[in-house]
Amino acid sequence: DSGVTQTPKHLITATGQRVTLRCSPRSGDLSVYWYQQSLDQGLQFLIQYYNGEERAKGNILERFSAQQFPDLHSELNLSSLELGDSALYFCASSVGPGAKETQYFGPGTRLLVL
Amino acid sequence: AQKITQTQPGMFVQEKEAVTLDCTYDTSDQSYGLFWYKQPSSGEMIFLIYQGSYDEQNATEGRYSLNFQKARKSANLVISASQLGDSAMYFCAIRITSGSEKLVFGKGMKLTVNP
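Here the protein sequences line up with chains C and R, keeping their order. Yeah, the first sequence ends on 114 if you go by the working numbering, and it's all consecutive. Yeah, the second sequence ends on 115 if you go by the working numbering, and it's all consecutive.
Treat each hint with caution, since some may be false.
Said to hold, decoys possible - Computed list of lysine-lysine pairs in BS3-like fashion (alpha-carbon distance at most 30 Å, straight line):
(1) R/73 to C/100
(2) R/16 to R/73
(3) R/70 to C/9
(4) C/57 to R/16
(5) C/100 to R/110
(6) C/100 to R/70
(7) C/57 to R/70
(8) R/107 to C/100
(9) C/9 to R/110
(10) C/57 to R/73
(11) R/73 to R/3
(12) R/107 to C/9
(13) C/57 to C/100
(14) R/73 to R/110
(15) C/57 to R/107
These are computed hints drawn from the structure, not numbers from a lab.
Chain C extracted, bound-state conformation (with noise of 0.2 Å):
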């Protein structure tokens, strides 16, 4: 158990809607990032929030955004969904940002759009 915690675990939705994942870090962790593993794209980074405020962006849709609430847990928003969208999402912790820290992941959502 990493202590990453991700909710739900699982999620079946249609094209078009909208869907929330969320994420609690791991207890003293200040860095939130978001990746995306499917298929065809393997893993791929997201976001990164550090202490409430975003500090880098990756390869994110316009539909998707995200947040780092004061209590540091997460939430990725994914609206107009696609059936492309259908992926593992996972969420990751750090101490905080530096090339040293370590990224502990949570167990995922798997979104799957019909």
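Fit chain R to the supplied structure of chain C, relying on the hints for placement.
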């Protein structure tokens, strides 16, 4: 930009044998970190081992060790005394110091440990 290459799509090893999983990387940065993660069929990503670009010694964590060859830009994972529970996907990743702290992952490789 950083890039990780894992060319072995799959490997088979007998239980209790050692196995080496290959990883080469490309970056123009001098300061970076290399990570290995394991993803069993249940889907979670499990951190295994870390190697810093300035670390003089190869990293070790229990049965895992990293064969770091900086000049060749390779960071191979060595698993000693394989166990059935080691059967999983293995991902190599790189993270640079400057800019975003994102991890850039390779495509992964599947290890199967046979009894």
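We went through each hint and held it up to the structure:
no. : hint           : result
1   : R/73 to C/100  : holds, 18 Å
2   : R/16 to R/73   : holds, 29 Å
3   : R/70 to C/9    : violated, 39 Å
4   : C/57 to R/16   : violated, 43 Å
5   : C/100 to R/110 : holds, 26 Å
6   : C/100 to R/70  : holds, 17 Å
7   : C/57 to R/70   : holds, 29 Å
8   : R/107 to C/100 : holds, 22 Å
9   : C/9 to R/110   : holds, 24 Å
10  : C/57 to R/73   : holds, 27 Å
11  : R/73 to R/3    : holds, 11 Å
12  : R/107 to C/9   : holds, 23 Å
13  : C/57 to C/100  : holds, 20 Å
14  : R/73 to R/110  : holds, 22 Å
15  : C/57 to R/107  : holds, 21 Å
The structure is inconsistent with the numbered hints 3 and 4, although it conforms to all the rest.
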